[in-house]
Amino acid sequence: ELKVEQNPLFLSMQEGKNYTIYCNYSTTSDRLYWYRQDPGKSLESLFVLLSNGAVKQEGRLMASLDTKARLSTLHITAAVHDLSATYFCAVVEEYGNKLVFGAGTILRVKS
Amino acid sequence: EAGVAQSPRYKIIEKRQSVAFWCNPISGHATLYWYQQILGQGPKLLIQFQNNGVVDDSQLPKDRFSAERLKGVDSTLKIQPAKLEDSAVYLCASSLMAFRDTGELFFGEGSRLTVL
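Top to bottom, those sequences are chains V and F. As numbered in the numbering used here, residues 6 to 116 make up the first sequence, in order. As numbered in the numbering used here, residues 274 to 389 make up the second sequence, in order.
Read the hints as simulated data drawn from the structure, not as lab findings. Please note that a few of the clues may not be correct.
[Unchecked claim] List of simulated lysine-lysine pairs, DSS-like, C-alpha gap at most 25 Å: (1) 288/F with 351/F; (2) 103/V with 351/F; (3) 344/F with 288/F; (4) 288/F with 356/F; (5) 73/V with 46/V; (6) 344/F with 103/V; (7) 103/V with 288/F; (8) 288/F with 335/F; (9) 22/V with 103/V; (10) 115/V with 8/V; (11) 317/F with 335/F; (12) 8/V with 103/V; (13) 351/F with 61/V; (14) 284/F with 46/V; (15) 351/F with 335/F; (16) 284/F with 356/F; (17) 46/V with 351/F; (18) 317/F with 288/F; (19) 46/V with 103/V; (20) 22/V with 8/V; (21) 115/V with 46/V; (22) 103/V with 317/F; (23) 73/V with 115/V; (24) 317/F with 8/V; (25) 61/V with 73/V; (26) 344/F with 8/V; (27) 73/V with 22/V.
[What the hints assert, rightly or not] On the chain V side, residues computed to face chain F include the following (Cβ under 7 Å): (28) 24; (29) 48; (30) 91; (31) 103; (32) 106; (33) 107; (34) 108; (35) 109; (36) 113.
Fair warning: this is a prediction, and the values are worked out from it, not measured in the lab. Where is the CB? At the ideal position from N, CA and C, for every residue including glycine.
With the hints as constraints, model all of the structure from the sequences given.
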């Protein structure tokens, strides 16, 4: 059974600092997603990573995937308050059709 | 383009009562999903429909939960009788075709259920 673990589960950051959220998964996967969720809102797709070594960047967020290590990272550069949200990684098992989510990382950026 | 619509947004009931949630997916989307998101956890898939057929309901507690998707468009999720542990946000999502083919799910804002 595919298990997805994120850490940390809660992250309090100062504006302007850098940090990384980690996502580990337990079985072979061929695609990984990062989502953002604001309180009371729906999940917003940030990145889709499809192959080993894939790297995608949007603004202050950069996601990467290492399929051999079964690890994805979401790197935050020079955090700003607007990035405060909950971030989820979600993994599709290889040849599967079910999206399994991690528990989420609550990010709070303090000024 | 209109997004995934869900109602009601909030519902408070007592245990052993019943409740139903409604979802209208994005027009033309063949695949519809219901997820349960308990506070502090990631969403968990309850059921997946492809048009009006069930693809996966392995994690749906069938003794109390039921779902249908009539005519391959709207869907309802029912809980009867509700238990305290059913308190959660129920998220509906849709995708254009089978998830593996399109790679993107679009989520609604969810229906928050509180069972007292």
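Consistency of the hints with the structure:
1. 288/F with 351/F: holds (14 Å)
2. 103/V with 351/F: Satisfied, since the Cα-Cα distance of roughly 22 Å is no more than 25 Å.
3. 344/F with 288/F: violated (31 Å)
4. 288/F with 356/F: holds (5 Å)
5. 73/V with 46/V: Violated. Residue 73/V to residue 46/V sits at ~34 Å, over the 25 Å cutoff.
6. 344/F with 103/V: holds (23 Å)
7. 103/V with 288/F: Violated, at about 30 Å.
8. 288/F with 335/F: Holds, at roughly 17 Å.
9. 22/V with 103/V: violated (35 Å)
10. 115/V with 8/V: Between residue 115/V and residue 8/V the Cα gap is close to 31 Å, so the pair fails against 25 Å, i.e. violated.
11. 317/F with 335/F: Holds, at roughly 15 Å.
12. 8/V with 103/V: Holds - the C-alpha atoms of residue 103/V and residue 8/V are around 12 Å apart, at most 25 Å.
13. 351/F with 61/V: violated (39 Å)
14. 284/F with 46/V: holds (16 Å)
15. 351/F with 335/F: With Cα atoms ~10 Å apart, residue 351/F and residue 335/F stay inside 25 Å; holds.
16. 284/F with 356/F: holds (14 Å)
17. 46/V with 351/F: Cα-Cα ~22 Å, so holds.
18. 317/F with 288/F: holds (22 Å)
19. 46/V with 103/V: holds (22 Å)
20. 22/V with 8/V: Not satisfied, since the Cα-Cα distance of roughly 30 Å exceeds 25 Å.
21. 115/V with 46/V: Holds: residue 115/V and residue 46/V sit about 21 Å apart, inside 25 Å.
22. 103/V with 317/F: holds (10 Å)
23. 73/V with 115/V: Given that 25 Å is the threshold and the Cα spacing comes to 35 Å, the pair is violated.
24. 317/F with 8/V: holds (12 Å)
25. 61/V with 73/V: At roughly 18 Å apart (the allowed maximum being 25 Å), residue 73/V and residue 61/V satisfy the hint.
26. 344/F with 8/V: violated (34 Å)
27. 73/V with 22/V: violated (29 Å)
28. 24: violated (20 Å)
29. 48: With a closest approach of 4 Å, the residue 48/V hint holds.
30. 91: Constraint on residue 91/V not satisfied, violated at 9 Å.
31. 103: holds (6 Å)
32. 106: holds (3 Å)
33. 107: holds (5 Å)
34. 108: holds (5 Å)
35. 109: Holds, about 5 Å.
36. 113: Where the cut-off is 7 Å and the nearest Cβ of chain F is about 15 Å from residue 113/V, the hint is violated.
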